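Please take these sequences and the hints and turn them into a complete structure.
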Amino acid sequence: MGNIITAKNIVKKYSKHVALNDISFNVPEGVIYGLLGPNGAGKTSMIRIINQITAPDSGEVLFKNEKLSPRHTKFIGYLPEERGLYKKMKVGEQALYLARLKGMDKEDAMKKLKEWFIKFDIAAWWGKKVEELSKGMQQKVQFIVTVLHEPSLLILDEPFSGFDPINVEIIKSELLRLKKEGVTIILSTHNMASVEELCNNITLINQSKAIMEGNVNELRHSFKLHLWEVKLQGTDDSIRNILNSKFEIQELISENGQTTAKIKIPDGLGSNDLIKALLSSYTITGFSEILPSMSEIFISAVTRTNLTKQS
Amino acid sequence: MSKISLIIQREYITRVRKKSFLIISILGPLLFAGLIFAPMLIAGNKNENQRVVVVDETKSFCGILQNNSTVHFDYGYCNIDVNAVKKIFADSNHVSVLYIPKEEQIMQIQLYSKDDPGNDVVDAIQYQMNNVLERAKMKAENLDQSMIDKVKSDIQVKDIVGNKVTDTSYNAVLGYACSFLIYIFIFLYSVQVMRGVMEEKISRIVEVIISSVRPFELMMGKVIGVGLVGFTQFLIWLILCFGAYQVGSAYYQGQEINPKNAVVEQTYKTGIPVQNDNMNARNKIIKESMSGGLDNIDNMLRSTNWALVIGGFLFYFLGGYLLYSALFAAIGSAVDQETETQQFMLPVTAPLILSIIVMSSIITDPHSSMAVWFSIIPFTSPIAMMARIPFGIPVWQLVLSMAILVVSIFGTIWLAGKIYRVGLLMYGKKITYRELGKWLFYK
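Those protein sequences? They're chains B and L, same order as listed.
Heads up: the first sequence begins at 1 in our numbering, then just goes up one per residue.
Heads up: the second sequence begins at 1001 in our numbering, then just goes up one per residue.
Hints listed in this document are in silico derivations from the structure and should not be mistaken for laboratory results.
Quantities reported herein were computed from a predicted structural model and do not represent experimental measurements.
Positions of the beta carbon are idealized from the N, C-alpha and C atoms, including for glycine.
Please note: incorrect hints may appear among the correct ones.
To be verified - Selected chain B positions facing chain L (in silico; Cβ < 10 Å):
{"no.": "1", "residue": "Arg48"}
{"no.": "2", "residue": "Gly77"}
{"no.": "3", "residue": "Gly103"}
{"no.": "4", "residue": "Val130"}
{"no.": "5", "residue": "Val145"}
{"no.": "6", "residue": "Pro292"}
If you want it as structure tokens, here you go:
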């Protein structure tokens, strides 16, 4: 499958401040794509450009290999970071209005809205004013109007901020279901756990530049520190003596008749060498590689670029 | 349905459905009527006539001065000493003592009261006494009534502009009324546009909307939608006023005209005191005065170039609104708190207020160079030109004013659109004019 979004050399400046500095990335169709970065890195600027809310100063964005234009808005659903509704307007009426602005016809929008309202258990609130709704319910309404017109690209800016844990779970499962149906999802988030859980690919933006792009699994492998977790039967400190010469034991915990060790394998040796060294003296009950979390990768990448910039 | 018409529809329906719209629609004309008629009612509504006790040492006024709606003369104390009479009424409200000294001191007539009887009473007394004296003097010179009637003249200058009879004060009222309506309309509804923009920005719904429509469409949808609300309101007012006028005139036609009051009014207007008690003569005068007045208004209505006045009104009504509402939309987008609007509102509303301030001098001299300039500068022209139109103005001035206004509308909307689309997504920043200037160049 091809790319749904191709961003080429995007530059965006606000008077003296550069928000995006020559950013390029591709979002393949059918994936959940994470746009990561610290606050003020330029994620929202990038998202607004894809939504055609603002235009880049230079560079271009392609939607399925066509130059992005207003006729694409109906294929895109957008949930901004700062989101709201007309407080004095009735819930159903408002949802219908927003759906029709996306180009849906009245009957179709009405039918689908009713289905979603029942699914999210807010059907009774159809005729109420938005200001009478709890925040959680408003968030459900916002999510519904984002996905109602069945966009092929869904863009969510910090979707999990401000949502209560129950809604976060509902939305996560909806996102996974939509992905299964072939919808591409771009989400910008700080929540690294959800990145590991949901995202296939990411781009990391820091200080207006894309500093890392790729598949989440591949990235975690490429950043691996060759750390392994070993579980052994019995509580025995002799492991230090046996491994000390060749391997580095970073952590050792003996409890409940079991020893757990975090061991770094140096260059030139493999995991089998470690197993061989242990096999004669111990009963191995567990053996697994420790991959760096996205959070660790994020922090190390950001600090590294910040340091190089400072020096 | 196109997106902009969806926006117009929403703006229109949500506003027209509000209770406040209904209330203003009904109360608006009442409020206007109140503003116009309250002073008249207050002036005309006297609880009691002033009782004027006459003490007359000349003996020539006793029983001669006639009662009217303001003054009731009491001749019971004509020959009593003035100091005694003053003592009697020293504590009475609504009573004055009119002291007319002997012939040789006739210029020292005095009116004693506990509280100020007001100008009307003093005027009525002076007027009647002068009349009596004048007639006495004429008689002394052997002039009789028929000769007096013969020499009396009643010149009325007809004001003819081009080949039409016109009435300056009538034109002034028409001009003032139209301009004032435009002023109210611009203010009322431009501010509504601003509030609408702020509502969208502050509630943060705007980002969702402008991911579906262009900011310019959203702005124009709002401007047009609110404008239509204004038109609807105006139409309702017009229908209500027309209906009230119909009902009112039907009601008055059914009522007997009170002849007494009408005669007194007539006496004042023509300067001919009515001495005849004959009912028929009175009615004749009433009829003449009434029909004369109606004819006059009728003539004026017919002399007005209604096509020009109505056309001009609609044009400047719409033009002024478009010009200002776009600016107000830009202000609404630039701020995120109501209080911050003040600094930007002032320069925008200044020309509007200025044109209302200078309106009275424009109406006094509609062809002065100030009047011409104000009616050509686009920010004041909707009000200033409308005030001048009923007087008749050179075609070139009208065309120039309209052309400049149209060009300015496009310019302002373009400018406002640039500020609007940047401002909508700007939060938590103190906005300066320099900042606004930079926004014009954002891509």
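Query raised in the report: Is the shortest C-beta separation between Pro292 (chain B) and chain L less than 10 Å?
Result: Violated: closest Cβ of chain L sits about 35 Å from Pro292 (chain B), beyond 10 Å.
Query raised in the report: Per the CB criterion, is Gly77 (chain B) less than 10 Å away from chain L?
Result: At about 9 Å, which falls below the 10 Å cut-off, the nearest Cβ of chain L leaves the hint on Gly77 (chain B) intact, so it holds.
Query raised in the report: Given Val130 (chain B) was flagged as interface, is its beta-carbon under 10 Å from a beta-carbon of chain L?
Result: 9 Å, holds
Query - Evaluation of the interface hint that places Arg48 (chain B) against chain L, nearest CB under 10 Å - result: 7 Å, holds
Query raised in the report: With a cut-off of 10 Å, does the beta carbon of Val145 (chain B) approach a beta carbon of chain L closely enough for the hint to hold?
Result: Constraint on Val145 (chain B) satisfied, holds at 7 Å.
Query - chain L contact restraint on Gly103 (chain B) - CB to CB distance below 10 Å - result: This hint holds: Gly103 (chain B) lies near chain L, its Cβ roughly 8 Å from the closest one there, short of 10 Å.
Violated hint: 6 only; the structure is consistent with all others.
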